[in-house]
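**Q** Sequence:
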Amino acid sequence: MIVLKMFSLLLIVGISVNEAVIIDCTYSIIRVWTVPNLYACQGKLISIGDPNNVTAVSHNHINGKSNNEVQALILDNSQIKSMLRNINQFYPNLESLTVRYSDITELNLEDLQDFPNLTQIDFGSNKIERLNWNLFKKTPKVKVIGLNWNPIKYIAHNVFDDLSELEMLHMNQRCFDRNINNNKSAIAAALFDIFQKCPPTLEMMKSEIVNGEELRKEIKAEIDEEINPLTWSVFEMGSKLIHYEAKITQNENQIQYLNNEIKILKLHLQSLMRFQEMLTKQKFP
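Going by mature numbering (1 follows the signal peptide of the UniProt record, and there is no 0), the letters in the sequence shown line up with residues -20 to -1, 1 to 265, in that order.
Heads up, some of the hints might be wrong.
With a cut-off of at most 25 angstroms between alpha-carbon atoms, the simulated DSS-like pairs for lysine-lysine come out as follows [to be verified]:
#  : residue 1 : residue 2
1  : LYS121    : LYS164
2  : LYS45     : LYS61
3  : LYS133    : LYS177
4  : LYS24     : LYS117
5  : LYS133    : LYS61
6  : LYS117    : LYS45
7  : LYS186    : LYS123
8  : LYS117    : LYS107
9  : LYS45     : LYS24
10 : LYS118    : LYS186
11 : LYS177    : LYS164
12 : LYS118    : LYS133
13 : LYS117    : LYS133
14 : LYS164    : LYS118
15 : LYS45     : LYS133
16 : LYS164    : LYS133
17 : LYS177    : LYS246
18 : LYS61     : LYS24
19 : LYS133    : LYS107
20 : LYS117    : LYS186
21 : LYS123    : LYS164
22 : LYS133    : LYS24
23 : LYS118    : LYS61
24 : LYS123    : LYS246
25 : LYS164    : LYS117
26 : LYS123    : LYS133
27 : LYS45     : LYS107
28 : LYS107    : LYS118
Just so you know, these hints were derived from the structure itself, not from any lab. None of the values given here were measured: they were computed from a predicted structure.
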């Protein structure tokens, strides 16, 4: 009955049924993995046409709740090959996203960026082979990641850089075969091992370099805006130099770009030192 009503609604608002993807939910307050008492949609997909573009969700909420109050979405056995689009239009406040036992092959920034409140994700038992550049850049609150039972081979170098709160990582059975629970320090220590065992492909590295060029432009703009050899002290210039050298260590694949900026900064520093030395000699001949 709910499904028939949803199709009728789509026709009324002028959306072609041939392009409809509906999430048919059973709503309840449950524990989802590590987080208790989440208002969750345990959904089944009803798909006709485009299998990745959500056009409606069922509204059989409990206790007078609404879409805006849904905190968790669980989609198991959905057989989708990539993440659904437009979910945020219906559930903008998701904290937990579970998509298991499906056919997803990779995860990208665009798959998660519309859910800034996410604290945990579980994509176990998919066909994910790669985790791409900047995957969690827009979801820095993520603490728990489940990727068990995926054929993961390739991980971009900066994937976990934005996750300062990450404390649980499950990645068994493939290039990195380990589950880490409630231990930030262990995850930080494991990152080198992950990148060594799951290096990015050449294609992924090219993407990183393109993004590295954007970072280079940002740094150059900062240098052009902030450096004035007539007003900066040697100490300030040295501090800025250290700042950019630290950025280099965090972006290994962009060293060839950033080194040029460091060289320019060093030249500025040397020029300033010579200028101050000249002023000193003029003042104290």
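**Q** For each hint, tell me whether it holds in the structure or not.
**A** Right, here's what the structure says about each hint:
{"no.": "1", "hint": "LYS121 with LYS164", "in the structure": "14 angstroms, holds"}
{"no.": "2", "hint": "LYS45 with LYS61", "in the structure": "31 angstroms, violated"}
{"no.": "3", "hint": "LYS133 with LYS177", "in the structure": "8 angstroms, holds"}
{"no.": "4", "hint": "LYS24 with LYS117", "in the structure": "29 angstroms, violated"}
{"no.": "5", "hint": "LYS133 with LYS61", "in the structure": "18 angstroms, holds"}
{"no.": "6", "hint": "LYS117 with LYS45", "in the structure": "30 angstroms, violated"}
{"no.": "7", "hint": "LYS186 with LYS123", "in the structure": "29 angstroms, violated"}
{"no.": "8", "hint": "LYS117 with LYS107", "in the structure": "22 angstroms, holds"}
{"no.": "9", "hint": "LYS45 with LYS24", "in the structure": "20 angstroms, holds"}
{"no.": "10", "hint": "LYS118 with LYS186", "in the structure": "21 angstroms, holds"}
{"no.": "11", "hint": "LYS177 with LYS164", "in the structure": "20 angstroms, holds"}
{"no.": "12", "hint": "LYS118 with LYS133", "in the structure": "23 angstroms, holds"}
{"no.": "13", "hint": "LYS117 with LYS133", "in the structure": "21 angstroms, holds"}
{"no.": "14", "hint": "LYS164 with LYS118", "in the structure": "20 angstroms, holds"}
{"no.": "15", "hint": "LYS45 with LYS133", "in the structure": "41 angstroms, violated"}
{"no.": "16", "hint": "LYS164 with LYS133", "in the structure": "23 angstroms, holds"}
{"no.": "17", "hint": "LYS177 with LYS246", "in the structure": "36 angstroms, violated"}
{"no.": "18", "hint": "LYS61 with LYS24", "in the structure": "15 angstroms, holds"}
{"no.": "19", "hint": "LYS133 with LYS107", "in the structure": "11 angstroms, holds"}
{"no.": "20", "hint": "LYS117 with LYS186", "in the structure": "18 angstroms, holds"}
{"no.": "21", "hint": "LYS123 with LYS164", "in the structure": "9 angstroms, holds"}
{"no.": "22", "hint": "LYS133 with LYS24", "in the structure": "29 angstroms, violated"}
{"no.": "23", "hint": "LYS118 with LYS61", "in the structure": "22 angstroms, holds"}
{"no.": "24", "hint": "LYS123 with LYS246", "in the structure": "39 angstroms, violated"}
{"no.": "25", "hint": "LYS164 with LYS117", "in the structure": "18 angstroms, holds"}
{"no.": "26", "hint": "LYS123 with LYS133", "in the structure": "22 angstroms, holds"}
{"no.": "27", "hint": "LYS45 with LYS107", "in the structure": "35 angstroms, violated"}
{"no.": "28", "hint": "LYS107 with LYS118", "in the structure": "23 angstroms, holds"}
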